[in-house]
Structure formats: C-alpha cells, structure tokens
Amino acid sequence: MIMSTPVGIGIDGNSQPVGSIFKTELKITSVSRNKFSIMRQSSATNRLAMMKTTTSDEADKDDNVILENGNLSVTLENYSQLSSGLKATTHRLIDAIMIRCTETGAKENVVTLSLGEYMEMCGLKNLKEMRKQVNAELKTILNMKLSFSKSSNREQSFKDIKLCESAAIKNNRIVFEFSSDFFRILKYMPVMPYPMKLFNINQKKNPNSYYFLKKISEHKKMNYFKKNADIISVKTLLECTPELPKYDDVMAGDRAVGRRIIDPFERDLTELKDVFKWEYCHANGTKLSGFELDDFDYHVFYSLMIKVKWMEYPELQKKTTRRKAGAV
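Throughout the sequence shown, residue numbering follows our numbering, covering 2 to 329 in sequence.
Treat the hints with care, as some may be off.
[What the hints assert, rightly or not] Derived lysine-lysine pairs resembling BS3-like cross-links, with alpha carbons at most 25 Å apart:
| no. | residue 1 | residue 2 |
| --- | --- | --- |
| 1 | Lys62 | Lys140 |
| 2 | Lys310 | Lys274 |
| 3 | Lys310 | Lys36 |
| 4 | Lys133 | Lys163 |
| 5 | Lys222 | Lys310 |
[Stated by the list, open to error] Simulated DEER-style distance windows between Cβ atoms:
| no. | residue 1 | residue 2 | range |
| --- | --- | --- | --- |
| 6 | Thr287 | Lys151 | 35 to 45 Å |
| 7 | Gly286 | Val176 | 45 to 55 Å |
| 8 | Gly291 | Arg256 | 46 to 56 Å |
Derived by calculation from the structure, the hints in this document are not laboratory data.
This one's a predicted model, so the numbers in the text were calculated from it and none came from an experiment.
Note that CB positions come from ideal geometry on N, CA and C, so glycine has one too.
Using the sequences and the accompanying hints, generate a full structural model.
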C-alpha cells in the first residue's frame, strides 16, 4: 500500500520520472564509466542497504523475521527456508539490478542482467558458485516486504510492499520483475552517482567497506553544493555498518575497543584508497593536534569527523528552470 504521487513530481518533491533520467534535481554532466554508474535511490533504499540478518535473529510463529532501521521495517517471510540472509552481497545484487533499471530508463518493470556481466562487475570467475549465491539471494529478496514512514514531505510512506514479484536465473541471465508498487515508487527516486568499487570489495577481508562507501557516497550526493560534502562524522559511519560491535558490548566483554572497533574501522576505510583518501578532522575541518593524537582513545575517536578527498567524482549541476514570461 502506497500513497499516490502527483504525475510529474518525484518522490523527493523535485525529481522527474526516470524515463528521462537526467531531468532530475541534479544533472550528472561527467561520469567515468569504469569508476561510476548511476542509480535511483531514496531514504528507504539507503536504510535497507545498512541492514543485515544475524544468527541471533529468530523467526516468529509465522516464520517471519522483522528487522528495523529507523523509519524502515523489513519483513523476511519463510525465514527458515532462506539459505542466505540479508547481507552486503544481497545489497550488492539489488544495486546491480537498480543500476540496470536506471540506465535503461525504467520503461519496464522487468530487468535482465547476464550472470557473466554481473561476475565481471564483481571481479569473480566461479560461475557455479556465483549461480548458487545469486539464486539464494534472489530467494531472500523475493521473500522481503518493506514498510517506510516518511520523515519529510519529500518522501513517501508505504506499508508491506514487495520489492519484486518474481526473480530467477534463466539461460544464464538474472530476470528480475519489480513489484508494481515498488516500481511506481522507483520511477520517482532521485539519481545518485554509484562508485563501481562497491561491486568488488572483498566482503570477508573488509566487511565494513561496502557500508562505508555507500554511506559516504550518499552523503556526498546529498551535500554536493555544501561545505560539508566531504566531511562525515565517525558516529555516522559507525551507525551505518552492522559489522562492527557496539562500544557497550565490547566494554562488557574483553574491552578491546582498539582491536575490535577502531582498527577495523581504519582498515576498511583505507581499503577504499583507490576511491578516496581520508583523514580524521574536527567539525570545522581542522586537523587533529599532536596532543589529541598522543591521547587518542575511543572517546576522542567517536567525537571526530572524517574528511574525504575523492580521487575522481562526477560533476553535478543544479537543474535550471526557465520561467515563463510574466511569471512571478
């Protein structure tokens, strides 16, 4: 169930239908195809990309698991039958499908993507293993329902809508049919430059890198014309990844905050070095003093910001609107 959106007005209140993907609030004027693609996204899909099932998740009497992240609720039905839970590789597959839908103009709610192309995007070569993984993740997506409560007039609330009606691999091609409700919303989502690095991150070696890069990219797009476009808080990045333990949990156990939180945080940001360089800073962008570096602990760490310097980023321009003669 979704609220109706006026014809010609996007879900964010500004963007136009994806049939003309560059007629948006922001116009992407230069994109390095091997570094960036374009993808429709919203507050709801961005929150979804931060969620993960864990071994502690227990199904209710109807065999459903409900996950919540702020104003987004995700229900996974038939949970005992799902061999793959919700995780970064699931989000990566959803991203690939959303990108294909965006780049082809979203004229149809059925998207196809060859396994070979997807493997190349992910830098993988084992077709048998990829087929097994994709089949499991498609089953998870098929059993997913989303509910979202809007927090501003630029968003749209919806309840218990499915992401897709059908999804399968046919003749070595992923055939994905968006549900009519979700597709109606998708057409009005704004466009975001999508770093292709997100597809070939080693999830086992660097489990936080996908979540960090996705969040930093979202922040960059939202604040492109603001001074803080390349500054994001440590707190925000800690909240965006489900892979790091909570401070209180670590302190209740071995108290190894550096080894279990700070070290993997820095490691997985540094893994993105071919996309951007980073350093700690204060809210005004100033560097840390020598005293702060000498007295660096979790509380200092948690209060800091991260300053990012992109190696390359698409140029965005505000859409200009011409007024009619006599218009006020």
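For each hint, the structure was consulted:
no.	hint	verdict
1	Lys62 x Lys140	20 Å, holds
2	Lys310 x Lys274	10 Å, holds
3	Lys310 x Lys36	15 Å, holds
4	Lys133 x Lys163	23 Å, holds
5	Lys222 x Lys310	14 Å, holds
6	Thr287 x Lys151: 35 to 45 Å	36 Å, holds
7	Gly286 x Val176: 45 to 55 Å	47 Å, holds
8	Gly291 x Arg256: 46 to 56 Å	27 Å, violated
Checked against the numbered hints listed earlier, the structure breaks hint 8 alone; every other hint is satisfied.
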